[in-house]
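Peer 1: The residues making up each chain are set out below.
Number of protein chains: 2
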Amino acid sequence: MRRRSFVSGGVAMLGTSGGAAWAQGDPLPSWNAGPAKQSIVDFVARTTTFGSRDWVPVPERIATFDNDGTLWTEQPLYVQNAFIVDRVRSMVARHPEWRTREPFRLALTGDHSQLASMGEKELLEIMVASHAGLTTDEFSRIVLDWLAVARHPRFKSPYTDLVYQPMLELLAYLRANQFKTFIVSGGPIEFMRPWAERVYGIPPEQVVGAAGVTKYAMPTPDRPVLRMEAQVAFNDIFAGKVEGIGRSIGRRPVLAFGNSDGDQQMLEWTAAGSGARFMGLVHHTDAVREYAYDRNSPIGQLDKAWDEAIRRSCLVVDMKHDWKVIYPFELK
Amino acid sequence: MRRRSFVSGGVAMLGTSGGAAWAQGDPLPSWNAGPAKQSIVDFVARTTTFGSRDWVPVPERIATFDNDGTLWTEQPLYVQNAFIVDRVRSMVARHPEWRTREPFRLALTGDHSQLASMGEKELLEIMVASHAGLTTDEFSRIVLDWLAVARHPRFKSPYTDLVYQPMLELLAYLRANQFKTFIVSGGPIEFMRPWAERVYGIPPEQVVGAAGVTKYAMPTPDRPVLRMEAQVAFNDIFAGKVEGIGRSIGRRPVLAFGNSDGDQQMLEWTAAGSGARFMGLVHHTDAVREYAYDRNSPIGQLDKAWDEAIRRSCLVVDMKHDWKVIYPFELK
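Protein chains in written order, with our numbering: chain A, 5 to 336; chain B, 5 to 336.
Hints are supplied without guarantee of correctness; some may be wrong.
Heads up, the list lumps identical chains together, so a pair's fine if it works in one copy or across two of them.
DSS-like, lysine-lysine: derived pairs with alpha carbons at most 30 Å apart [stated by the list, open to error]: (1) K336 <-> K308; (2) K125 <-> K219; (3) K219 <-> K324; (4) K328 <-> K219; (5) K219 <-> K308; (6) K160 <-> K308; (7) K219 <-> K160; (8) K336 <-> K219; (9) K160 <-> K184; (10) K328 <-> K125; (11) K336 <-> K125.
These aren't lab readings, by the way, just hints derived from the structure by calculation.
In this text, all values refer to a predicted model and were calculated from it rather than measured experimentally.
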């Protein structure tokens, strides 16, 4: 059963023109024609046409995107969990106590169904504990080195190839229309920032997420470092997403996209602003090309946020029907 | 005795052209001709000329500025301390316990010399305690209402008129050359963000600073709020400035400007990056047009950071000699 509701705020004033940037072409070629694509193009046209009732001044064009399951594949494990499992395995000889201590023990089991249920909180705990003492530069290097060799168990691709082509187009389309695109993720900023600019075109200062505490130190003269401490500074999921937006952006988004219950508060917060608003949820409906899951999934559960989406004006994207391709490599 | 040293990194490759933005004019008309101005113009030319040895790609053009004493006047009291003193006075009838409890008691004394010694930490404590329970929107309104009526004790001007014209020009000059300008301040983000965009052209998401904890709540259906809690999330002074840069920007500045010992670590961190770097300190040398203070000042003490500036390649701006005007209203 397909359920869908759409952005509110009146009829598009400019039809399908989609603003100046793609006056001649299709800004979202990997989206199938239909109401989902149309609602996005209409929203951008309405909010960026000076004189339109829904025009949004450029500095207020803030768009926030969840990462896992919204911009890239989060099954069968959050990518940062796959990273952490590999890290814990490679470090356990030096930390034998991890074999019996949770959540490290769980990370070592290799049991995907159990690992899948490891929350962002447990993940962050392992992340900070296993990387305490490293400098932020060292950690970035470790993340990039891992991404260079790690492969997704089903697609056998680098994880950064498993980003959603339609969402890359949406990010670029918004930026071409002078929206500032942010990631607001339950995952740790330290894991996303090293590659988010290359992969999504989103610079580190626009990546908001969970974070560990860091400490400034000067171990050798004139060579200061920022060192990771074994302490979580904040989580960034559920209500924490809005708190993260307040702390790091300080302005309410006019557009927000998520895919799970962890994004519900961000969508609520976005919806409650005045003027035109766009809220979207990616619904994973394509078991053939990607994965199909929602209400009962331990990863990316979409349940309450879906009910809210139906009740309110939130676009629910049906990946199977709305997306012509899922991954960039399908275009080759 | 004037002490000054200059940015390192070789001779300017384009002389005084200063990049494309002001090819025909002077990008810094309120700066007197001389080595300080020249070093800035040379740095911008070198880092923005494609093919130059010191060229910096646009996404890496991060410039961070302290606020108090670097962008606006911090004497005889940090502006946020003047705000907090007024707030505590207006609220003390409802909080009689403040009359005897530090640091509230101190705030109520009206003794400027004692108030001046109140650190950013004490300030933030009062700030969060006296404003706990307010929503972030309510607090912004209170700040703007106060700024509309409060006047500086000496200049009798609104505080937001007491920003430094030469620094406004520098911010605009950097932005015209595709630098992204950030505030990295010991003061609280909640106090700066409501007006930083109008006054400095710096949007809220580029204002980094101390902050209180906020909590997301939904007191009435579909009307979520972010509420301020009576808890400090982090300070942003000394080493905290670098930690704040790591947390909020995630990329090392190529240019940083401060005016006091609280900025030393930010300058060190900036200096330790590879490639061309620019570090600057505003030295308050003009008792007639503004204030003159450095090594022994309880507010904006410039002592260790000055020694470091002399030892290293950091521009020390002499306000009296280097600035043609101090405040924008002098131009009228």
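Peer 1: For every hint, state whether the structure bears it out.
Peer 2: Hints, one by one, checked against the model:
{"no.": "1", "hint": "K336 <-> K308", "verdict": "neither (37 Å within a copy, 58 Å between copies)"}
{"no.": "2", "hint": "K125 <-> K219", "verdict": "both (21 Å within a copy, 18 Å between copies)"}
{"no.": "3", "hint": "K219 <-> K324", "verdict": "neither (46 Å within a copy, 37 Å between copies)"}
{"no.": "4", "hint": "K328 <-> K219", "verdict": "neither (46 Å within a copy, 40 Å between copies)"}
{"no.": "5", "hint": "K219 <-> K308", "verdict": "between (38 Å within a copy, 21 Å between copies)"}
{"no.": "6", "hint": "K160 <-> K308", "verdict": "neither (33 Å within a copy, 55 Å between copies)"}
{"no.": "7", "hint": "K219 <-> K160", "verdict": "neither (37 Å within a copy, 41 Å between copies)"}
{"no.": "8", "hint": "K336 <-> K219", "verdict": "neither (45 Å within a copy, 46 Å between copies)"}
{"no.": "9", "hint": "K160 <-> K184", "verdict": "neither (33 Å within a copy, 39 Å between copies)"}
{"no.": "10", "hint": "K328 <-> K125", "verdict": "neither (35 Å within a copy, 54 Å between copies)"}
{"no.": "11", "hint": "K336 <-> K125", "verdict": "neither (38 Å within a copy, 56 Å between copies)"}
This entry does not satisfy hints 1, 3, 4, 6, 7, 8, 9, 10 and 11, going by the numbered hints stated previously.
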